[in-house]
Structure formats: C-alpha cells, structure tokens
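Trainee: Sequence:
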Amino acid sequence: KSKAILVPFTTAIKHELPEFIEIAGVTCLFRFDRDDHWTFETCQSSVQNHLVESFLERDVPGLIVFTSGSTGKPKGILQDCERVMRKFVEERPGWRTVLFLMLDHFGGFNTLLSTFAYGGTAVCLPDRGSESVCRIIQQSKATLLPTTPTFINLLIASRCYKDFDLSSVKLITYGTEVMPSSTLEKVRGIFPNATIKQTYGLSELGVLRSKSESDDSVWVKIGGDGFETKIVDNILWVRSEANMVGYLNAPNPFNEEGWMCTGDYVEVRGEYMHIQGRQSEMINVGGQKVFPAEIENVLLEADNIQEVTVVGIQHPVMGKVVKAIITLNEPEEQFQLAERLRGHCLARMARYKVPVKYEIVNAGEQHSLRFKKIRKEILP
Numbered sequence: 106k107s108k109a110i111l112v113p114f115t116t117a118i119k120h121e122l123p124e125f126i127e128i129a130g131v132t133c134l135f136r137f138d139r140d141d142h143w144t145f146e147t148c149q150s151s152v153q154n155h156l157v158e159s160f161l162e163r164d165v166p167g168l169i170v171f172t173s174g175s176t177g178k179p180k181g182i183l184q185d186c187e188r189v190m191r192k193f194v195e196e197r198p199g200w201r202t203v204l205f206l207m208l209d210h211f212g213g214f215n216t217l218l219s220t221f222a223y224g225g226t227a228v229c230l231p232d233r234g235s236e237s238v239c240r241i242i243q244q245s246k247a248t249l250l251p252t253t254p255t256f257i258n259l260l261i262a263s264r265c266y267k268d269f270d271l272s273s274v275k276l277i278t279y280g281t282e283v284m285p286s287s288t289l290e291k292v293r294g295i296f297p298n299a300t301i302k303q304t305y306g307l308s309e310l311g312v313l314r315s316k317s318e319s320d321d322s323v324w325v326k327i328g329g330d331g332f333e334t335k336i337v338d339n340i341l342w343v344r345s346e347a348n349m350v351g352y353l354n355a356p357n358p359f360n361e362e363g364w365m366c367t368g369d370y371v372e373v374r375g376e377y378m379h380i381q382g383r384q385s386e387m388i389n390v391g392g393q394k395v396f397p398a399e400i401e402n403v404l405l406e407a408d409n410i411q412e413v414t415v416v417g418i419q420h421p422v423m424g425k426v427v428k429a430i431i432t433l434n435e436p437e438e439q440f441q442l443a444e445r446l447r448g449h450c451l452a453r454m455a456r457y458k459v460p461v462k463y464e465i466v467n468a469g470e471q472h473s474l475r476f477k478k479i480r481k482e483i484l485p
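Residue numbers for the sequence shown follow my numbering, so the first one is 106 and each next one is one higher.
Simulated from the structure, these hints should not be mistaken for lab results.
Don't take each hint at face value.
[As the list claims (entries may be wrong)] Label-pair distances were calculated between CB atoms; the ranges are:
1. 195 / 376: 21 to 27 Å
2. 375 / 146: 53 to 59 Å
3. 340 / 286: 18 to 24 Å
4. 223 / 452: 45 to 51 Å
5. 339 / 467: 34 to 40 Å
[Stated by the list, open to error] Pairs of lysine to any residue, SDA-like flavour, derived with a Cα cap of 20 Å:
6. 275 / 240
7. 425 / 399
8. 275 / 294
9. 119 / 134
10. 246 / 236
11. 246 / 217
12. 275 / 252
13. 394 / 373
14. 108 / 126
15. 394 / 409
16. 316 / 293
17. 425 / 389
18. 326 / 346
19. 428 / 444
20. 428 / 467
21. 275 / 235
22. 425 / 384
23. 275 / 298
24. 108 / 224
25. 425 / 463
26. 462 / 423
27. 462 / 407
28. 246 / 229
29. 178 / 117
In this text, a Cβ means the ideal position worked out from N, Cα and C, and glycines have one as well.
Can you make the complete structure from the sequences, with help from the hints?
Mentor: In structure tokens, the structure reads:
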C-alpha cells in the first residue's frame, strides 16, 4: 500500500513513545520482540496534522522520523520516500553492512535503504556494545561499518578489538558529530584494511555525497547531484532536491529560495571544508570563539583519558569559560588530574581555550553527553 507513512521507533525512546505517536498521528502500531513475535494495535490520535493529511492524499509512501531534540523539543520530520529513493537509481556495489545506526533516525534508515537498493547484506546487532559489534564483524565478515566518533572512542577504550579479527572491514563511515584527529589516527590501526570516510547529512535534507581529503584528514568535500552548498559568515547552508516535506510540530526552516541554515560552523580550504561544530556549541570566552571539538581533541591526546566532553559555563567577567567533563581509564585524584591537564593544554593551545574546571564522570554519563549533537549549556 503506497498511501501510508512509516514511523519507525526503537525501545530507546519508550518514555517519549506516547508523545511521538500523538505528534505523528499514528493509527496502527506494530510491536516486535527479539524472537520476531509481533502484536498489532490501533491508535487514535487527538491531533489532526494537516501536513500529514495532505501528504496522504498524494498517494505516495512517506517516512516520519524524529530529531534528537538537542536544540529543544524533538521535531517530527515528514519525508517523501520517492524523493529519498531517487539517489539509489544508479548501480553501485553492495556491502555487507553492520546496522549500527539507529533505524528510527534518518541516518540509520538511509543505511538500510542503501544496503538493499544496491544488493547488499544487512547485518543486525544484538546490542551496540563494543564487544558485540566486534563479534558480529568477525562472524559475518562485515565489509562496511557506519558509526560515530563516540562509538570509536568507546571501542578504543574497551580494547576488546584486540580479541577479534576485524580485517574484513573495507569501509568505515562516520558522521553525526565532529571526529577528533587523535581518534582518527587510532582507528586506522584498529581497522588496517579500511578506508575511512566522513559523511554529512541532516534529517531535513537527506545524506549528501561526501569525499574525505584522505583517511587521516578531517577535511571533507560535500555536495553532489541534487545538492547545493554555500558558506555565509562561516556557516554552512544547503539546498536539496531531497528536502523534507516539513516539520510536524515546528516552523518551516527553509528560506524562500529553499536554502536551510545547518548551523554548522566551517573552515574552508579550496573544495574542502572542516566542520568545527555547531554555531550553538561555540563558547564565547571574553569575545574569543572556542569550539569544544578542538579542545576535546587536545585532551584526548593526554594520558589516562578515555573520553571527554567540553562545555561552556557562566563566568561573571569573561561571560563564559571552558569546562571539561572527563572519563578516565584508571582512577586519578582530581586536583592532580586538573594540574596535569592544564599543563598539557597550555603547551598546545591559547590560554583562553584551556579548561578552568574539570569534572570526572563514569563512562555511562559521558556516553549520554556525547550522543547529543549539541551540548547543553551547563551552569556552575
């Protein structure tokens, strides 16, 4: 049936599920368990969404996904599946792909579509832990791993990759957040046969074609058929033929000419750009621009650092200053850690970029922080 809209959910959003069902106007709900048993129930929404109703009249398949809510309340995004599928018309080689990215996000759904469109094999995971991913790669001889810098850092810290044969992986793609250069160097050692490629996309625009300058470079060229890009005051704007139909619960983000401001602050070098982070992530320290990713990259080079998240905190004189939230490999006294990291940073960056406050958290808390595309402002 083409006159239908798919709304994928995972157990990760079980607390938000009633709200999402209401926003999307879900009428039929299928639930599947780990043993492939399923149930069906009908739903009745109290909200009539005119965007959904008018789309259903077109008699084409649709898709609704929700943003992460990193800039506020999660937004429901309606996509035209015919638009999304146009880029899969040309023939390409199929991959044995690990379905690491969540299927209720556009990146994960796009991975699934491209795998099937090109005649590849989708490799499912029992969970997204480092050991499970490594085991599945070895068992299935997977050739493509789409992932995130956060997971790569967790994999490096776990060291479980040493217990598995990961030589089958020929391509690693990463996106959703900035990749620290230090992490990029380490991942090449873990996957010696893999090409490493940075991807770029937004649920509102689709996934753009991308080309990394090299395996060890954070510089990337993006665009391709159906996409246009421009830089305005160091901010990336994109116009796409695969634009979403619209938000279900938020204003239209496109201007009159169809351009969308991504909010990503970029540095440009010829055809390539370096995505430094979201403009909203930028920390204004006494008028100086500071991007968390740069400081995180320096801190990750220090000894005994498993993971780090950098945020801005209020300061009565400077406006904001830098705070580093640290996860350690081994226990260390906080005062000693702060002194050691302060010296490490002062030798590598300007004084105003050096964190003035350090907090030690466990890996679970850090994992939650790092999966947010835009870091929340944290008050002292």
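Trainee: Decide, hint by hint, whether the structure agrees.
Mentor: Here is how each hint holds up against the structure:
no.	hint	in the structure
1	195 / 376: 21 to 27 Å	holds (22 Å)
2	375 / 146: 53 to 59 Å	holds (55 Å)
3	340 / 286: 18 to 24 Å	holds (22 Å)
4	223 / 452: 45 to 51 Å	holds (48 Å)
5	339 / 467: 34 to 40 Å	holds (36 Å)
6	275 / 240	holds (16 Å)
7	425 / 399	holds (17 Å)
8	275 / 294	holds (13 Å)
9	119 / 134	holds (13 Å)
10	246 / 236	holds (15 Å)
11	246 / 217	holds (18 Å)
12	275 / 252	holds (14 Å)
13	394 / 373	holds (17 Å)
14	108 / 126	holds (18 Å)
15	394 / 409	violated (28 Å)
16	316 / 293	holds (17 Å)
17	425 / 389	holds (6 Å)
18	326 / 346	holds (18 Å)
19	428 / 444	holds (14 Å)
20	428 / 467	holds (16 Å)
21	275 / 235	holds (18 Å)
22	425 / 384	holds (15 Å)
23	275 / 298	holds (6 Å)
24	108 / 224	violated (26 Å)
25	425 / 463	holds (15 Å)
26	462 / 423	holds (14 Å)
27	462 / 407	holds (16 Å)
28	246 / 229	holds (13 Å)
29	178 / 117	holds (16 Å)
Consistency note: the structure conflicts with the earlier hints numbered 15 and 24.
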